[in-house]
Amino acid sequence: MSATYSLQEIADYLGAELRGDPACRIQRLNTLEQAGEGELSFLASKAYERYLGTTEASAVLVDARFADALQGNALIIANPYVAYARISAWFDRSAQPLSGIHPTAVVAGSAVLADAVSIGPHATIGERVRIDAGVIIGPGVSIGNDTTIGSGSRLHSNVSVYHGVSIGRNAVIHSSTVIGADGFGFANDGGKWVKIHQLGGVEIGDNVEIGACTTIDRGALGNTVIDDGVILDNHVQIAHNVHIGENTAMAAYSAIAGSTTVGKNCVFAGQAGAVGHISVGDGVVAMARCTISKSTSKAGSYSSGLLMYETPVWRRNAVRFGQLDDMAKRLKKLEKNSLEKDKLE
Amino acid sequence: MSATYSLQEIADYLGAELRGDPACRIQRLNTLEQAGEGELSFLASKAYERYLGTTEASAVLVDARFADALQGNALIIANPYVAYARISAWFDRSAQPLSGIHPTAVVAGSAVLADAVSIGPHATIGERVRIDAGVIIGPGVSIGNDTTIGSGSRLHSNVSVYHGVSIGRNAVIHSSTVIGADGFGFANDGGKWVKIHQLGGVEIGDNVEIGACTTIDRGALGNTVIDDGVILDNHVQIAHNVHIGENTAMAAYSAIAGSTTVGKNCVFAGQAGAVGHISVGDGVVAMARCTISKSTSKAGSYSSGLLMYETPVWRRNAVRFGQLDDMAKRLKKLEKNSLEKDKLE
Amino acid sequence: MSATYSLQEIADYLGAELRGDPACRIQRLNTLEQAGEGELSFLASKAYERYLGTTEASAVLVDARFADALQGNALIIANPYVAYARISAWFDRSAQPLSGIHPTAVVAGSAVLADAVSIGPHATIGERVRIDAGVIIGPGVSIGNDTTIGSGSRLHSNVSVYHGVSIGRNAVIHSSTVIGADGFGFANDGGKWVKIHQLGGVEIGDNVEIGACTTIDRGALGNTVIDDGVILDNHVQIAHNVHIGENTAMAAYSAIAGSTTVGKNCVFAGQAGAVGHISVGDGVVAMARCTISKSTSKAGSYSSGLLMYETPVWRRNAVRFGQLDDMAKRLKKLEKNSLEKDKLE
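Chains as they are written, first to last, in this note's numbering: chain E, 54 to 398; chain B, 54 to 398; chain R, 54 to 398.
Just chain E, with the same shape it has in the complex (with noise of 0.2 angstroms):
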C-alpha cells in the first residue's frame, strides 16, 4: 500500500489555496490528460489548458487564471510546475530506510562515517574518506582516499569518484558516472605524447545534480570547480580546471573544454559546448550544438548549427557553403558594375 495525503496536507505545505474538498485524498501525480481517481495534476503551460475541462484528476495546481476553467478540487499558486517538482518528493517511491554498512562493503580503517548512512554492497571506501549523516553510497561504489562527502548525498551504483575530490551535501550522482579522473594533459615531445600528471582535485557545492554516464575530471594545478545548485545531464564532460557558477544547467553531451569559467545560471542545450581557457558570463544560453568559441560576457541566447532540411535539399544547399566566399565576391562584383553603369547613365 502506498502512503496517501490529503489535499489539506498537500496545500499546507505548498502554500496554495485549496478550492474543494480538503479531505480527498491523493496517492499519486499524474498528466492532466491521464490523471484519474486519486491522482493530483498540474497545468504548468498553456498548451494543456485544454485538459482542463475534461481531466478526471482528483485535484490540480493551477494559477488564479485558470481555476476557474476547472470543475473539481483545485490548488491554487503561482507558479504550478515548480509546486509540482516540490509535492513530487512526497510521492517518490524510491527512497529506503538508511541501512547501514553492507557486509561485503570494503571500508578503510581511517575513513571516518557517520553513524546514519547507507553503504552498499561491493562499495570500496578508501582511506582517510568522510562520509557524512544520510549520505547513501550505491552498490559497486569506489570512493577514492581523501574524498569527502557532505550529508544528505546519494552516489548510485557504479559511480567512480577519485582520490581528493569534495562533494557537498544533497549531491545526487548517478551510476557510471566518474568524478576526478585524469584531465587530458599531455605534452607533446618530438611527437609522443608525455603526460602531465593531473595533481588537482574537484570541488563540488552543495545540491548538485550529476547525471549518468558524466565525467568531471580533476584539475592539473588547482581544482575543477561545480558550485552550488548545477544540473548537469547525462554524458556531460566538464574538463580540467573548469569552474561552472551557481544554478548553472547543462543538458546531455554539453562539453566544457579545459580551464573555461562559465558564469551564474547559464543554460547549455543538448551537445553545447564551450571551448577552453575562455570566460563564460552569466545567463549565457547556448543552444542545442552551439559552440561558445569565445569569452563572452553578454547575457543571452547563441547558436551555431543548421536547421533540418530533408536529405536532397539538404545536400543542393550543402555543396553551396563552400562556394560562398566566391558567391560574396561575385555579388560585390555585380553591384560594383550595377553602380558604375547607374553613373554613366
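There may be inaccurate statements among the hints.
Said to hold, decoys possible - Straight-line alpha carbon distances no greater than 27 angstroms define the calculated DSS-like cross-link-like pairs of lysine-lysine that follow:
hint	chain 1	residue 1	chain 2	residue 2
1	B	Lys396	E	Lys389
2	E	Lys394	B	Lys389
3	R	Lys386	B	Lys394
As the list claims (entries may be wrong) - What follows is a list of derived Cβ distance ranges for each label pair:
hint	chain 1	residue 1	chain 2	residue 2	range
4	R	Asp379	E	Lys351	26 to 36 angstroms
5	B	Pro365	E	Glu180	46 to 56 angstroms
6	R	Glu393	B	Asp379	25 to 35 angstroms
7	E	Ala186	R	Ala352	56 to 66 angstroms
8	R	Gly153	E	Tyr66	53 to 63 angstroms
Quick caveat, the hints were computed from the structure, so don't treat them as lab data.
Positions of the beta carbon are idealized from the N, C-alpha and C atoms, including for glycine.
Following the hints, position chains B and R against chain E.
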C-alpha cells in the same frame, strides 16, 4: 579445440543451396580477402566481387548471380549478409554455460530467480526482482528493486539497472550502461532548480540490444518505452518518457530528448538526434549529426550539418555564413534594378 | 608530509641548466600566477610572460630566451612544457604501493598473475587472463577470459574489459570505460535486425592512455587495433575493426566509425569524427565537430561546422542556408545578363 561444422549442417540451418563438398569442415568465419582453409566467407556487396576469383575460403555464402564466379564450395542464398549474421552465432566462443549464483553476489531474499541463470561475482540483486531462465548477469551489475529481466537476456559487467524497470526477453546490454536513472527534470524557482522526482519507470521489449555507456532514463510520470527489436549503439541517450518504435536503430551518440515519440524502422546515424516533445514517423532516417527539430510523419532521409573542408577554405566560407541574410537582400535588390532597367530599355 | 626535492635533483633529472640555488627545496608544482614558496612553476607560452617578473615561485622552468626576465631560480631548458610534464610524475601523490590481491577479488584459477600486482576489492579476473608485473587493477574492474594486460598498466575503478583483449605496457584506463564490447553489427532481414556476432578482439599497444566513459568495440572478424602512444580522452567511441595509428590524440566525444583506419600523429578535437570504411592519413587534424567524410591522405587541418552567433542573428542567416542553391543560380543569371548587356553596349 574449437567446434567445427560440416557445410551440409550449415546449409541445412540456413536453407542454402550447397554446391560443392557437403563434408567440408568449417571452423571459423572470415572476410573474402583474408579467409583460408577451414573458413567460411560471404559476398555481401558488389564492392568485394573482385575477391571471388582469388579467395582461399573453404566456402562462400553468395547469391545466385555470383555463384558461377566462384571456384570452390558455394552456399547459395538470397541474402548472404543475413545468412552470415545468422551463422555468426555458431562461431561465437564467448558464451559460457550457466553457472548459477556466484557466492559473492548479493541477492535480496524477496528476489525470484529461475533455476537456470548466471549471476556473476559482485552482482547486487534488489528486493522483489524477477530474473527468468537463461539470464546472464555479469560481474558488478546492479539491479534495483522491483525490476524484471526476461528469459535469455544478458547484462554485461558493471551495468546499472535502477528500480521499477522491465526488460524483455533476449536483451543484450553492454557494460557501464545505465537503465532507469532519473530524467533531467527540474523546475526553476527564482533562479534555483527544484528537482522533479522521476516517478515513472522504463519498459524495454524483447530482442533489444543496447551498447556500452548508453543511458535510458526513467519517466517523470509514466514510463520511457523501448519497443521490440530496437538496437542502440554506445553512448546513446534516451531521455524520460521517450517512446522508440520497433526495430529502430540508433548509432553512437544518438540522442532523443524528453517525451518525443520515434516511429518504427527509423535509423539514426552517429550523433543524430531529435528535440523534445515531437513525433517522428516510421521509417525516418536521420543522417549523421542531423537534429530532427520538428515533428515529421514523412518517411525518408533528413540532414543538417556541413561537409568537410580544409580549414583555410572552410574559414573563408564560414565567415560568409554570418553575411548570408545581407547577401540575399543585396541579390534581390540587384535583380530588381536589373528588371527595372530591362523595362526602361 | 609530502616529499620534497632539491633543484639540483630536478635539474639533473630533466637535463636543465640550473641558475640559482641548487639546495632550494621544491614541494609542489603550480602556475606562475599562483605559485609561492617551495613551488616550481614553468613558462610554456608567451601569454604568461607577464607573470615572470612578479611570480613568487621558488623556481621556474624557462627556455633561454626568457631566463633573464626572471629574478629567482631558473631551470633553463629547451621545452619547459615537456619538462613540466616529465617532472609532474614526481609530485603525483596518488600512486600507492602494490598491495597484492584483495581478499574480495575473484580470480579464476587459470589466470596467471605476476607477483607484484594490485588487484583491488571486488575485481573479477576471468579464465586464462595474464596480468604482468606492476599492474594495478582498481575496485570493481572486470577482466574477461583470455585477456592480457602488460606490465605497469593501471585500470581505474569499474573499468570493464571483455574477453580476448590484449592491452600493452603502461596503459592508463579510466573509470567506466569499456574495452571489447560488441561492435554495432546487424543485418536487416525484412525489417528485423539479426545480430552479427562480433568474433574479433581488441589489441592495444604500449603507453596508451584512455579516458573515462570511453568505448573501444571488439572487431566483427579480426581485431580493432590501437597502436602505441595513442591518447584518448573521455566519451570517445572507437567502433569495430578501426585501426588508430601511433601517437594519435583524440579529445572528448571523438568517434571513429567501423573499419576506418586513422594514421599516426593525428589530432581529433572535441566531437570530431570520421565515417566508416575510410582511410585517414598521418598528421590529419580534425577541428572540433569536424566529420572526416571521405578518405584523405593529405596531412593538415580539416573543418566542418559553423561559428557562433547571437541567436537572432543566427536565425536570420540559418534560414538563408536553405535558399543557397537558389541564390547561386540567381547570381549566375544576373552575371549572364550583365555580360550580355556589356556586349550589346
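Checked hints:
no. : hint                                       : verdict
1   : Lys396/B with Lys389/E                     : holds (21 angstroms)
2   : Lys394/E with Lys389/B                     : holds (15 angstroms)
3   : Lys386/R with Lys394/B                     : holds (15 angstroms)
4   : Asp379/R with Lys351/E: 26 to 36 angstroms : holds (34 angstroms)
5   : Pro365/B with Glu180/E: 46 to 56 angstroms : holds (53 angstroms)
6   : Glu393/R with Asp379/B: 25 to 35 angstroms : holds (27 angstroms)
7   : Ala186/E with Ala352/R: 56 to 66 angstroms : holds (58 angstroms)
8   : Gly153/R with Tyr66/E: 53 to 63 angstroms  : holds (54 angstroms)
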